[in-house]
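Q: So you can see what is in the structure, the chains are spelled out below.
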Amino acid sequence: MWGLVVASLLPFVGAALLPFLSKSRGDNCGWIASGFIVASFAAVAISTPAVLHQPGAIAFEWVPSLGLQFSIAADGLSLAFAFLITGVGSIVFTFAAAYLGPEENRRRFFCYLLIFAGAMLGVVFAANLISMFVFWELTSVSSFLLIGFWHERDASRGGALKALVITAGGGLAMLVGFILIGSIVGSYEIADIMAAREQIAAHRWATAAAMLIMLGAITKSAQFPFHSWLPSAMEAPTPVSAYLHAATMVKAGLYLVARMGPVLSLIPIWTPTLTVLGIVTMTWGSFLALRQTDLKALLAFSTISQLGLIMAMFAQNTASAATAGVFHMLNHGLFKGALFLMVGVIEHEAHTRDLTKLASLRSNMPRLFAVLVLASLSMAGIPPMGGFISKELFLEEVLQMPWPLTVIAVLGACLTVGYCLVLAIGLGLTHQDEAERKHAHDAPTALLWGPAVLVFGALLLGLVPTFLAGGLIESAAAAAIGGHVPHPHLTMFHLSPTLIVSVAAISAGAAVFRFGWMRRTPDAPKLVADRVYEAWLTGLEHNAQRLTASYMSGLLWRYVTIIVCVGIISMSALAVFVGFDASAPWGARPAQTFEYVVALIPIAAAIGAVVAPTRLAAILALGASGFSLALLFSLVGAPDLALTQIMVETVSVALFLSAFVHLPAYRKLKPRKFQPLYAAVSIAFGVGVTALLHHARGQRVGGTIADYFVENSVEKAGGHNIVNVILVDFRGLDTLGEISVLGIAALTCYALIKLRPERKRP
Amino acid sequence: MIARSVILTTCARIAYPVLLLFAVALYWRGHNAPGGGFIAGLLTAAAIALRFIAHGRRDRSGASAPFITAIGVGLAIALTTAFGSLAFGHAFFTHTFGHFHLPLIGDVELATAALFDLGVYIVVVGNVITVVSAMTDREPGED
Chain D
1 MWGLVVASLL PFVGAALLPF LSKSRGDNCG WIASGFIVAS FAAVAISTPA VLHQPGAIAF
61 EWVPSLGLQF SIAADGLSLA FAFLITGVGS IVFTFAAAYL GPEENRRRFF CYLLIFAGAM
121 LGVVFAANLI SMFVFWELTS VSSFLLIGFW HERDASRGGA LKALVITAGG GLAMLVGFIL
181 IGSIVGSYEI ADIMAAREQI AAHRWATAAA MLIMLGAITK SAQFPFHSWL PSAMEAPTPV
241 SAYLHAATMV KAGLYLVARM GPVLSLIPIW TPTLTVLGIV TMTWGSFLAL RQTDLKALLA
301 FSTISQLGLI MAMFAQNTAS AATAGVFHML NHGLFKGALF LMVGVIEHEA HTRDLTKLAS
361 LRSNMPRLFA VLVLASLSMA GIPPMGGFIS KELFLEEVLQ MPWPLTVIAV LGACLTVGYC
421 LVLAIGLGLT HQDEAERKHA HDAPTALLWG PAVLVFGALL LGLVPTFLAG GLIESAAAAA
481 IGGHVPHPHL TMFHLSPTLI VSVAAISAGA AVFRFGWMRR TPDAPKLVAD RVYEAWLTGL
541 EHNAQRLTAS YMSGLLWRYV TIIVCVGIIS MSALAVFVGF DASAPWGARP AQTFEYVVAL
601 IPIAAAIGAV VAPTRLAAIL ALGASGFSLA LLFSLVGAPD LALTQIMVET VSVALFLSAF
661 VHLPAYRKLK PRKFQPLYAA VSIAFGVGVT ALLHHARGQR VGGTIADYFV ENSVEKAGGH
721 NIVNVILVDF RGLDTLGEIS VLGIAALTCY ALIKLRPERK RP
Chain F
1001 MIARSVILTT CARIAYPVLL LFAVALYWRG HNAPGGGFIA GLLTAAAIAL RFIAHGRRDR
1061 SGASAPFITA IGVGLAIALT TAFGSLAFGH AFFTHTFGHF HLPLIGDVEL ATAALFDLGV
1121 YIVVVGNVIT VVSAMTDREP GED
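Going line by line, the protein sequences match chains D and F.
With the first letter of the first sequence counted as 1, position 269 gets the number 269 in this note's numbering; the numbers rise by one all the way through.
Each position in the second sequence, counted from 1, maps to that position plus 1000 in this note's numbering.
Since the hints were derived computationally from the structure, they do not count as laboratory data.
Note that the structure is predicted; figures quoted are calculated from it, not measured.
There may be inaccurate statements among the hints.
Listed next, with one range per pair, are the computed distances between beta-carbon atoms [to be verified]: (1) D:A679 / F:S1085: 50 to 56 Å; (2) D:A679 / F:T1096: 52 to 58 Å; (3) F:P1066 / D:G158: 28 to 34 Å; (4) D:L17 / F:H1090: 38 to 44 Å; (5) F:A1033 / D:F685: 49 to 55 Å; (6) D:Q592 / F:V1018: 45 to 51 Å; (7) F:V1018 / D:P676: 47 to 53 Å.
Short, incomplete list of chain F residues facing chain D, as computed with Cβ under 8 Å [to be verified]: (8) G1030; (9) L1043; (10) A1046; (11) A1076; (12) A1078; (13) F1088; (14) A1091; (15) V1132; (16) M1135.
All residues carry an ideal CB built from backbone N, CA and C; glycine is no exception.
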């Protein structure tokens, strides 16, 4: 178990140390980062036998007062994902180290990539829903940073934002679902939730919780109708697409469905909804993939399609379906990771990834082409690749579903074969306009061995699946259904109805490819989901702008009016709903003459400020009001307040003076006539505050807190000045907040004044 | 500002160090008598503003930089004091104080709260002077 803790921490440690370890230009940071992820892979591999034998858990206290634990648990399911994350990760990291040139900011890139790997391991090893959520959102954030890696491009920024809005938004829905589950069970530990599954299913919140969690899963795994972010995410550098958007991050949704399946599949809405969504996504994705000319877009839609397939399998919550799901997920991670990396190589060498502009790969890039064909075969589900076996398992499940789903799924399988043939054969064909197309040299070995290793893995999964991953798949499937799973017998050679369907699908797919039924459009039409997203985004921005503009008029007096009116409304609401308590005695102590005098000065000063003909006179009147307050404070025995008041008044004068020269003529701003509306607002506010103060005096329960301060000031804080002791000790946190505000206000002021756009000078 | 008042300049020259000393005294005695970091900070800021008014500002461009930094420094001091207690195993913001006998000065009370107050002092000075200098940096009629 501790090996897995080490494995999860290594990427984070690497991300933290990378800036210090790497050379100034970041030449070696790719290899350092690769070292960390390979070490993490080794730690996972070493821990595997023990965990498969006996799943375990470790818990650390996190926020004990909230009952939150930071707990790590591992079983076959987590391990299957961890193998993908660290295994494909090792290949992708080393590939990226050779792929990214010195002109890129490689240090930043590998930092983000390591953070992502750590977050992803955190998701799959989390034994607590809250910590799973934290890591889940961290993967969204790191994905945002990686998609937007080339942030100077508009499309990168747009794609990054879209991915973040959709996946993090789904993540928030998921959090609400988690909280519902947590409050039903009284614990966020997944083990406790598994134990209480009947209780959850019977609860009236169950359907809502299931739907919210489902929303998190289908947004993350780019399922219909939230699939549109994945093609946009292809703006990321290709290693990122291979790693995050094919092999790992988009599978987090699958992990969630598998992990929560034993609990949530007891809720009636879960399995049918996810099955339909998965199958529809599979077929729709493969249909859209056929229409793409951009290789990366083709792969993106094929990823969407394959994720739909696996989603439909995990949704069944049966032993055979879960076995198919886990096995296909491993296969997909290998062949799709490899395909993406190879597209990266093609783009690297030919400077285009447009199908219609590439010359025949068979003659130009023979070694790469061979690997590409093998990977495509696996994706199409053709022997001898692992994809064939998992496709058979999938068809077996599909044949037991209601017939419309079967038809759609088989159609999807045909289209899948179609686009795989586009990749495998279409890229190898010699074209008539060959001379005008982009030629490429064969890929350097440094870039080729990564995809080759992955494809070799996919081949081994086809030849010796049970030997290679039988135990892992069994244990993972068992965890995904929360019960026992028979040891899988995965084999290439079998005779069954599925084989006939498979052969039919392959022939139909070949026909689709041969006769070009799905004409590829040079400019792929915009997705409907994309249009909805864009309309929503521009609508939101537009309306937010309009709303803000409606009250941000730039007129100070209007702002003050709004603020004061809000004050009046809230005080009126208080009076209506709570009532006004007039019980406090007026005149508990007869006022002395000087108090009348001191109280009259501010009133006179306020009137003076209103009628003053010049700005200077108005400022002086305000000053008189302030200093008279200071006088009052010192007379009633509050020297600290008096001192502060005097200082504030003095500094205000300095501020007014420095602002003076910039202000427009006073006459223009000052209304000529008496304004009844403003007079009414001012009077209402004054009356309101007076009433509020009086009301508050009647509400006192128990003694005042002042007694506590008086008693404890010297003893506990060692100060005789109670005001100061309150400021820096008893209420120190308030003061800390206040000085932070002061600092921010000064910086804002500075920025507003100094950092204006340059104006043209006359 | 071309013509300066000689009277104002002379007064300011004398008043400036006195005001600063007074501010330090206000800060120092703040724990036990009227005063404290906030008031002392405002007084210091007023003194510096007075100097600006009387003497003008020689270097307009860079004058506000140290005061912006001061905001950060003050906040850092305050935060360090607040979090410092964690290092000694106490709750966040636990202050302590003690009496020390120093040669020549005699019995002195030193409190961590005073350190926090120092942070407040610096933030206040930084705040006011940042705003004042930002506003006076711009030539009149520049808009």
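Q: Determine for every hint whether it applies to the structure shown.
A: Okay, the hints, checked on the actual structure:
1. D:A679 / F:S1085: 50 to 56 Å: With a Cβ separation near 52 Å, A679 (chain D) and S1085 (chain F) satisfy 50 to 56 Å, so the hint holds.
2. D:A679 / F:T1096: 52 to 58 Å: Between A679 (chain D) and T1096 (chain F), where Cβ atoms are some 54 Å apart, the hint holds.
3. F:P1066 / D:G158: 28 to 34 Å: violated (42 Å)
4. D:L17 / F:H1090: 38 to 44 Å: Check failed, 32 Å falls outside 38 to 44 Å.
5. F:A1033 / D:F685: 49 to 55 Å: violated (37 Å)
6. D:Q592 / F:V1018: 45 to 51 Å: violated (35 Å)
7. F:V1018 / D:P676: 47 to 53 Å: holds (51 Å)
8. G1030: holds (5 Å)
9. L1043: holds (6 Å)
10. A1046: Result: holds, 5 Å to nearest chain D Cβ.
11. A1076: It is violated, given that the least Cβ distance between A1076 (chain F) and chain D is near 11 Å, above 8 Å.
12. A1078: Where the cut-off is 8 Å and the nearest Cβ of chain D is about 6 Å from A1078 (chain F), the hint holds.
13. F1088: Check failed: Cβ of F1088 (chain F) comes no nearer than 16 Å to chain D, outside 8 Å.
14. A1091: Interface hint status for A1091 (chain F): violated (11 Å vs cutoff 8 Å).
15. V1132: Constraint on V1132 (chain F) satisfied, holds at 5 Å.
16. M1135: holds (4 Å)
Violation of the numbered hints given earlier is confined to hints 3, 4, 5, 6, 11, 13 and 14; the remaining hints are satisfied by the structure.
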